Amino acid sequence: MNAINNNFQVQVASAAKWSAITQAAAKIVTPVTSMVLARILAPEAFGVVATVTMIVSFAEMFTDAGFQKYLVQHEFKDEDEKYKNTNVAFWTNLGIAFFLWAIIAIFCEPLATLVGNKGLGEVITIACIQLPLTSFSSIQMALYRREFDFKTLFLVRVTTILIPFFVTIPLALYGFSYWALIIGLICGQFSNATILTIKSRWKPKWFYNVGILKEMLSFSIWSLIEAISIWFTVWIDAFIIGSALNEYYLGLYKTSTSMVNSLMALITASTLPVLFSALSRLQNDSKQFNLMYFKIQRLISIFVFPLGIGVYLYSDLATQILLGNQWSEASDVIGIWALTSAITIIFGYLCSEVYRAKGKPKLSFLAQVLHLVVLVPVCIISSKYGFWTLVYARSWIRMQSVLVDFILMKFAMGFPIFKTLGNVFPTAISATAMGIIGFHLRQLKEGMIWSFVSLIICMAIYFGLLYLFPKMRKEMTGILKG
163 MNAINNNFQV QVASAAKWSA ITQAAAKIVT PVTSMVLARI LAPEAFGVVA
213 TVTMIVSFAE MFTDAGFQKY LVQHEFKDED EKYKNTNVAF WTNLGIAFFL
263 WAIIAIFCEP LATLVGNKGL GEVITIACIQ LPLTSFSSIQ MALYRREFDF
313 KTLFLVRVTT ILIPFFVTIP LALYGFSYWA LIIGLICGQF SNATILTIKS
363 RWKPKWFYNV GILKEMLSFS IWSLIEAISI WFTVWIDAFI IGSALNEYYL
413 GLYKTSTSMV NSLMALITAS TLPVLFSALS RLQNDSKQFN LMYFKIQRLI
463 SIFVFPLGIG VYLYSDLATQ ILLGNQWSEA SDVIGIWALT SAITIIFGYL
513 CSEVYRAKGK PKLSFLAQVL HLVVLVPVCI ISSKYGFWTL VYARSWIRMQ
563 SVLVDFILMK FAMGFPIFKT LGNVFPTAIS ATAMGIIGFH LRQLKEGMIW
613 SFVSLIICMA IYFGLLYLFP KMRKEMTGIL KG
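In terms of the working numbering, the sequence shown opens at residue 163 and continues consecutively.
In short, the hints are calculated from the structure, not lab data.
Heads up, a few of these hints could be off.
Within a straight-line C-alpha distance of at most 35 Å, the following computed DSBU-like cross-link-like pairs (lysine-lysine) qualify [as the list claims (entries may be wrong)]: (1) K524 x K546; (2) K361 x K246; (3) K365 x K376; (4) K581 x K522.
Remember, it's a predicted structure, so these values are computed and weren't measured experimentally.
Work out the full structure: start from the sequences and follow the hints.
The structure is reproduced here in structure tokens:
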């Protein structure tokens with residue numbers, strides 16, 4: 163049994179390593195391309211793309227229909243059963259993708275008006291060519307994740323993330339405005355689908371079984387419903403800004419929050435897929451399940467807490483570096499979103515992985531609904547008082563979702579909440595102390611050079627304080643050796 167556990171730990175560690183390398187490459191390159199594009203395109207162009215992405219992302223949930231998570235989480239009897247389920251998922255995805263694309267094409271103008279971009283129906287229709295392309299790649303990705311084969315995903319992802327340098331940026335320089343971004347997205351999805359399909363051991367074969375579909379839907383329907391609720395949580399603010407304000411503020415808001423999300427994803431995107439895969443394999447072993455959860459929560463907190471507080475303190479510097487002079491108004495959005503993101507990731511995002519890994523996506527859906535009943539009225543009411551009131555209200559209301567997850571984890575999953583808090587106490591207290599010292603350092607001088615110097619001092623203080631905790635000292639040593 164120990165040999166099996168050790169082998170599984172090695173698989174998880176290897177998956178985490180390649181996932182980290184993949185996401186590091188993606189999340190370093192993506193902000194770099196965004197930095198370049200932010201200096202070429204106006205906020206209005208990003209606003210147009212934000213509304214297009216809103217519609218595409220909503221439709222993509224139905225093309226996946228939750229089958230990807232099912233293929234990762236479900237325990238199959240053998241390879242034959244796994245591949246039969248995979249074929250059913252693939253053909254269902256593809257059929258839904260073409261159906262939704264046709265519906266969007268028919269009602270493109272009303273949709274464009276609904277999201278605040280009247281007259282851009284044709285743009286939305288063309289952008290939605292991503293739907294069938296995504297359906298091609300999502301199933302292969304699920305199989306790779308199931309087998310912890312993140313090394314192959316790294317090779318595929320690297321090719322995809324380089325496309326903006328050869329497509330998006332040149333088109334933007336030639337004056338294609340938002341079309342540069344949309345064409346770049348389509349080329350990226352095409353590359354992703356092509357390479358994954360060629361490299362995958364599984365190839366689509368004509369096989370379909372309604373019985374298998376029904377069994378998959380019994381799990382996937384709740385994953386789909388959960389995904390819809392998450393979509394509303396992510397996009398309700400953008401919908402309200404696009405409808406009540408204008409493209410400029412929508413571009414300002416979504417570009418700022420997306421940039422912060424990209425920074426946070428340097429850590430989360432490399433660990434959350436591995437966490438879900440690992441917890442899914444350990445779903446019947448509560449002790450190992452909990453140990454894995456706490457280990458990864460602690461690991462993520464080492465980097466997320468200081469990143470959130472650091473970006474909040476140095477939001478003006480972050481904005482200058484990431485977006486340039488024409489985005490100076492984005493500074494406050496970036497700062498407050500980074501701070502609340504750090505808290506939400508550590509105490510909220512990880513809970514969703516627990517619900518799904520235990521085969522209980524209903525709990526994640528319930529968490530989203532309980533958050534939405536507060537989030538929607540807060541966004542609507544705050545929008546009446548202007549853009550900045552909405553920004554701060556939207557950012558801080560995320561703490562309510564954390565409270566909901568605490569309650570569900572305690573009473574529905576039997577997770578010890580105080581242990582969850584104590585698990586990250588060293589990183590939280592070290593990051594808070596760093597923030598207080600950093601605030602006072604910023605008062606001493608002004609200027610970019612001093613900002614960099616004080617930032618380095620803050621980093622040294624944080625890791626110095628963290629090293630005083632024996633448990634964290636062991637964790638940090640393990641990271642350096644790994």
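Hint by hint, here is what the structure shows:
no. : hint        : in the structure
1   : K524 x K546 : 34 Å, holds
2   : K361 x K246 : 19 Å, holds
3   : K365 x K376 : 22 Å, holds
4   : K581 x K522 : 22 Å, holds
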